[in-house]
Amino acid sequence: MFYWSLAVEYMKNYVKTKLTYRADFWVEVLSDLLFQAVNLIFILVVFQHTPTLGGWTEAEVVFVYGFFMVPSGIFSTFFNIWNFSERYIVKGEMDRILTRPAYNLYQVLLENLDPPSLFGSLVGLVIMVLSWGQLDLTFHLTDALMMVVFTIGAVMIYAGIFTSLTAISFYSDAPTGILPLMYNISSYGRYPVNIYNKVIRFMLTWLLPFAFVGVIPASYFLGRNETGLSDLALYTPLMGVIVLGIGLFIWNHGVKRYRGAGS
Amino acid sequence: MNSAYLDLIRIRFLMMLAYRVNYYSGIVIYTINIGAYYFLWEAIYGEQKLLAGFTLAQMTTYVAVSWMARAFYFNNLDREIANEIRDGSVAVQFIRPYNYLFVKLMQGFGEGLFRLLLFMGPGLALVCLIFPVKLPSDPGTWAIYIVMLGFSFLINTQINMLVGLFAFFVENNEGMLRMKRVLVDLFSGVIVPISFFPGWLAVTMKWLPFQAITFLPSSVFTGRIAGDEVLRVLGIQIIWFVALIVPIAWVWRMARTRLFVQGG
Numbered sequence: 001m002f003y004w005s006l007a008v009e010y011m012k013n014y015v016k017t018k019l020t021y022r023a024d025f026w027v028e029v030l031s032d033l034l035f036q037a038v039n040l041i042f043i044l045v046v047f048q049h050t051p052t053l054g055g056w057t058e059a060e061v062v063f064v065y066g067f068f069m070v071p072s073g074i075f076s077t078f079f080n081i082w083n084f085s086e087r088y089i090v091k092g093e094m095d096r097i098l099t100r101p102a103y104n105l106y107q108v109l110l111e112n113l114d115p116p117s118l119f120g121s122l123v124g125l126v127i128m129v130l131s132w133g134q135l136d137l138t139f140h141l142t143d144a145l146m147m148v149v150f151t152i153g154a155v156m157i158y159a160g161i162f163t164s165l166t167a168i169s170f171y172s173d174a175p176t177g178i179l180p181l182m183y184n185i186s187s188y189g190r191y192p193v194n195i196y197n198k199v200i201r202f203m204l205t206w207l208l209p210f211a212f213v214g215v216i217p218a219s220y221f222l223g224r225n226e227t228g229l230s231d232l233a234l235y236t237p238l239m240g241v242i243v244l245g246i247g248l249f250i251w252n253h254g255v256k257r258y259r260g261a262g263s
Numbered sequence: 264m265n266s267a268y269l270d271l272i273r274i275r276f277l278m279m280l281a282y283r284v285n286y287y288s289g290i291v292i293y294t295i296n297i298g299a300y301y302f303l304w305e306a307i308y309g310e311q312k313l314l315a316g317f318t319l320a321q322m323t324t325y326v327a328v329s330w331m332a333r334a335f336y337f338n339n340l341d342r343e344i345a346n347e348i349r350d351g352s353v354a355v356q357f358i359r360p361y362n363y364l365f366v367k368l369m370q371g372f373g374e375g376l377f378r379l380l381l382f383m384g385p386g387l388a389l390v391c392l393i394f395p396v397k398l399p400s401d402p403g404t405w406a407i408y409i410v411m412l413g414f415s416f417l418i419n420t421q422i423n424m425l426v427g428l429f430a431f432f433v434e435n436n437e438g439m440l441r442m443k444r445v446l447v448d449l450f451s452g453v454i455v456p457i458s459f460f461p462g463w464l465a466v467t468m469k470w471l472p473f474q475a476i477t478f479l480p481s482s483v484f485t486g487r488i489a490g491d492e493v494l495r496v497l498g499i500q501i502i503w504f505v506a507l508i509v510p511i512a513w514v515w516r517m518a519r520t521r522l523f524v525q526g527g
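Residue numbers (our numbering), protein chains in the order written: chain R, 1 to 263; chain S, 264 to 527.
Careful: at least some of the hints might be erroneous.
[Claimed, not checked] Cross-link-like lysine to aspartate or glutamate pairs, in silico, EDC-like; alpha carbons within 20 Å at most:
no., chain 1, residue 1, chain 2, residue 2
1, S, K443, R, E111
2, R, K256, R, D231
3, S, K443, R, D24
4, R, K18, S, E437
5, R, K12, R, D136
6, R, K12, R, D24
7, S, K443, S, E347
8, S, K469, S, D448
9, R, K198, R, D231
10, R, K18, R, E28
11, R, K198, S, E305
12, R, K256, R, E28
These are calculated hints, taken from the structure and not from any lab test.
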């Protein structure tokens with residue numbers, strides 16, 4: 001209850017600041033969407049020249065992309081701490097966080113909410129619905145339920161991976177540039193994993209499970225199971241719990257090593 | 264006077280050298296990007312030999328050299344200029360006995376030179392080891408590519424300046440900066456070669472400066488454009504370079520009379 005009221009207060013604050021610069025909000029939404037659109041344009045342009053991509057049709061690949069946008073938008077809304085190292089460690093703002101009674105990561109995340117990203121999720125849903133019709137898939141009520149379960153699982157995977165990586169700054173203060181690196185790798189999971197070689201495929205499934213954020217859960221709806229993909233889909237929430245657990249463990253362990261920067 | 268500009272190149276080069284760790288990871292990021300696109304294109308080609316005038320081998324080379332060229336010409340001058348206008352430090356630049364835009368150009372060049380030597384060079388070598396990239400065997404192609412690469416840098420920098428200078432006219436051009444970045448990546452041909460675009464879009468692109476940044480030089484590098492055609496595309500680059508000076512000079516003249524510092 002305490003945590004919920006905190007979230008509400010932070011949201012109120014966010015709305016107040018954004019109302020001061022209304023135009024900015026829409027420009028942000030627009031540039032976010034444009035950024036996502038580039039990948040979609042890539043898919044659309046490419047399919048002008050080929051009927052299938054590793055055996056997947058255009059509608060299927062677009063569907064996977066639409067699915068990917070849903071957890072990705074939710075994740076970006078709540079996890080916007082790309083400058084954590086500079087702001088909280090180098091400048092020492094973590095001091096302020098740690099003197100307060102709420103859980104530290106929760107506070108850090110709330111201070112950096114980015115709700116415009118949710119529009120990406122919305123667009124993703126629309127894309128899914130449109131390609132759902134195009135693919136002539138039948139819709140069961142369980143699909144809606146699975147969608148919720150997969151989305152939560154995928155967001156947890158994303159959050160777990162990036163929490164672990166952000167926590168690295170507790171252990172080493174040099175800028176490593178590893179976050180943008182991982183962000184780039186995460187885009188691998190948007191395409192059918194069977195087009196990659198075995199090493200990358202294994203990595204995307206088990207080591208940095210970005211395939212669980214895109215192609216694996218999406219294949220459940222598409223009913224594509226040539227290589228056991230949609231069987232794996234059911235493990236998405238489990239994967240989420242494990243990855244997020246690891247992330248929180250590394251984070252909590254790291255916070256203990258934090259020393260104020262001294263001003 | 265000229266030595267002052269040369270010193271600016273040197274200073275920026277050394278500044279970049281101080282933060283080189285970031286660049287090692289940069290090379291890895293670009294290699295990963297190239298890898299992703301390599302597998303994607305391989306799947307896209309499938310059984311097909313030729314798509315939009317590219318063979319798969321040419322495509323691999325195109326992707327590799329385009330990303331590595333991006334490492335060279337890419338800079339944040341737009342953001343730097345916008346920030347200096349917003350916090351008012353550009354006012355101090357006005358009273359100094361040099362041309363502000365030239366200073367920025369030189370700083371950008373210092374940064375580019377650093378990336379050329381420590382990023383593009385080793386990066387391309389690394390990529391050649393991992394992926395089947397075919398480098399041109401004719402030294403003439405290399406020579407003309409280097410010249411074209413110089414123009415890529417100039418044209419990209421000009422576009423950056425133009426967008427950055429818009430901060431004189433609007434209070435917050437952060438959104439514009441982000442959009443420009445996405446549009447340049449898309450329309451310059453880094454992500455998809457322009458010849459893959461559907462007809463009407465490809466025709467539109469022929470009349471815009473973006474293709475001169477990546478598509479034309481990389482096409483020459485892969486050998487898709489050869490012979491007299493090379494001179495023609497070099498001409499296109501030169502025309503755009505000259506043409507873009509006009510709006511920059513105009514905006515710069517207009518801007519000086521209406522500096523509006525926020526906070527300050």
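Now for the hints, and whether the structure bears them out:
1. This hinted pair does not check out: K443 (chain S) and E111 (chain R) have alpha carbons roughly 28 Å apart, beyond 20 Å.
2. Between the alpha carbons of K256 (chain R) and D231 (chain R) the distance comes to roughly 40 Å, so the proposed pair goes past 20 Å and is violated.
3. Restraint check: the Cα-Cα separation between K443 (chain S) and D24 (chain R) comes to about 16 Å, which is no more than 20 Å; the hinted pair holds.
4. For the proposed pair K18 (chain R) and E437 (chain S), the alpha carbon gap of about 15 Å is at most 20 Å, so the pair holds.
5. The hinted pair formed by K12 (chain R) and D136 (chain R) fails the criterion: a straight-line CA distance of about 43 Å is larger than 20 Å.
6. With a CA separation close to 17 Å, the supplied pair K12 (chain R) and D24 (chain R) stays within the 20 Å bound.
7. At most 20 Å may separate the alpha-carbon atoms for a hinted pair to count; K443 (chain S) and E347 (chain S) meet this at roughly 19 Å.
8. Of the supplied pair hints, the one linking K469 (chain S) and D448 (chain S) holds, its CA atoms being roughly 16 Å apart against a limit of 20 Å.
9. Taking the CA atoms of K198 (chain R) and D231 (chain R), the gap is about 19 Å. The hint holds against a cut of 20 Å.
10. As the CA atoms of K18 (chain R) and E28 (chain R) are separated by approximately 11 Å, the hinted pair is consistent with the 20 Å bound.
11. For a cut-off of 20 Å, the pair hint linking K198 (chain R) to E305 (chain S) stands: about 15 Å separates their Cα positions.
12. Proximity of K256 (chain R) to E28 (chain R) is assessed by CA-CA distance (about 36 Å); at most 20 Å being required, the pair is judged violated.
Hint violations for this structure: numbers 1, 2, 5, 12, all remaining hints satisfied.
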